[in-house]
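Protein chains: 2
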Amino acid sequence: MPVYPTHTMKAFDDELDRLNQTLGRMGGLAETQLGTAVQAMLTRDEALAAQVISGDDQVDGAEDHINEQVVRLLALRQPVADDLRLVMSALRVASALERIADHATSTAHRVAVLNQAPMVPAVKSVARLGWLVRDLLKEALDAFMSRDADRALKVWERDEEVDDLYSSLFRELLTYMMEDPRHIAPCTHLQFIAKNLERVGDHATNLAEATWFVVHGTPLSANRPKKDMSSYTMAEPRHLSPQDQSPE
Amino acid sequence: MPVYPTHTMKAFDDELDRLNQTLGRMGGLAETQLGTAVQAMLTRDEALAAQVISGDDQVDGAEDHINEQVVRLLALRQPVADDLRLVMSALRVASALERIADHATSTAHRVAVLNQAPMVPAVKSVARLGWLVRDLLKEALDAFMSRDADRALKVWERDEEVDDLYSSLFRELLTYMMEDPRHIAPCTHLQFIAKNLERVGDHATNLAEATWFVVHGTPLSANRPKKDMSSYTMAEPRHLSPQDQSPE
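Residue numbers (UniProt numbering), protein chains in the order written: chain A, 1 to 248; chain B, 1 to 248.
Read the hints as simulated data drawn from the structure, not as lab findings. Check before you lean on any hint, since a few could be wrong.
Where chains are identical, the list cannot tell them apart; a pair therefore holds if satisfied intra-copy or between any two copies.
Claimed, not checked - Under the rule of at most 30 angstroms between Cα atoms (straight-line distance), these lysine-lysine pairs were calculated in the DSSO-like manner:
1) K124 with K154
2) K195 with K124
3) K124 with K10
4) K154 with K10
5) K138 with K154
Chain A extracted, bound-state conformation (with noise of 0.2 angstroms):
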């Protein structure tokens, strides 16, 4: 690693600290958006929803701002090791972020049509799993903030959780879309949400895996647990049992 004069580690570290307050503020945002999106899905609130929306350039100017800060330091600080690692953790994270804020908005667009048709009982069960991702991105973005990396390994782990829990959710929708026809668009869209969600729970798990290479330098990913693939499955009306059939 090469010796810098003191006041040029100085200018290094002002910059490496205003690039992570810049994660900070974008990693609050992201949070807020998700959260304000299950909530509007919950409540039928399509003003809620439309703030989610409009917020979303919000999400996209952060992430543009963190990429300049990062090309800037590459260029000017030409840092190495551990410090380079730090600088380009940056990117990862905030490309999860911004993709989080993404699916977000997309919860956020389907509000005004589920509000066209009644309530389905299962948004109350994509909202358990909306909390959760929730919940896990909260604590993915205290891990990295703090460069825990035995957090961040906690949230690594409970992604099992969501892909559970997006499995079942996946198949009580189709059981409620089979039971009634009128229940098949906003099933199909709530679908569409759940996917979301899981996603999201994906990228939390990205943030705690940049985490543990800040902290460590190694990388975690080699030995994730193997994914819950029971979603891409079939579930015929023939091989569901009538308790199957409602579920909640």
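Starting from the structure of chain A, add chain B where the hints point.
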């Protein structure tokens, strides 16, 4: 713009060439993954789908390789202005290609599931969307590799076609689901595949925007046509006229 000694410019140009070659290879990979996934869905060919799934690592590896090349270029050559724009666009293009390949893999994962049920005719309409976005991706890649902004603009304008086709497909799939409960599970998977393909169209649009930005130095997105939001609408059985109920 700084004046480099000749040998430095030569080294920079060589590295840019290498970066471009990696991008070209990655683009070819993503295009193949997409085409193969659609073909596997249409012909119910699980071996072909497995090929797509196992090929995803290669695409991820290509993105990592591009990211490393970009970091090295930024740190060692400190490009400014046009050169910096070109180097940063590589990150954007690589990220779009990685996400396109992800959508192809996600499509491939559903082939084995779709094969558990009899074929629904709507699969042909989904494949039509697949061929459209594959053609747009090919055009977008050619435009980027040849730095042809006008060609990129044409791709960008055609994203509306994708949105229109996706919206009618969304409704078509709903009608199949309403016709027969046995269609619900396979058509839910087809809804996800259609959404994946529509997203590929968005990423092809991103490639076109990156090309425009590299050539002109100004963003193209300012005057983007309004997105069709009709797939965010509710289609209830009572809203469908008889001919709508059996499209295809």
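Here is how each hint holds up against the structure:
{"no.": "1", "hint": "K124 with K154", "verdict": "within (26 angstroms within a copy, 44 angstroms between copies)"}
{"no.": "2", "hint": "K195 with K124", "verdict": "both (15 angstroms within a copy, 24 angstroms between copies)"}
{"no.": "3", "hint": "K124 with K10", "verdict": "neither (51 angstroms within a copy, 61 angstroms between copies)"}
{"no.": "4", "hint": "K154 with K10", "verdict": "neither (34 angstroms within a copy, 48 angstroms between copies)"}
{"no.": "5", "hint": "K138 with K154", "verdict": "within (12 angstroms within a copy, 42 angstroms between copies)"}
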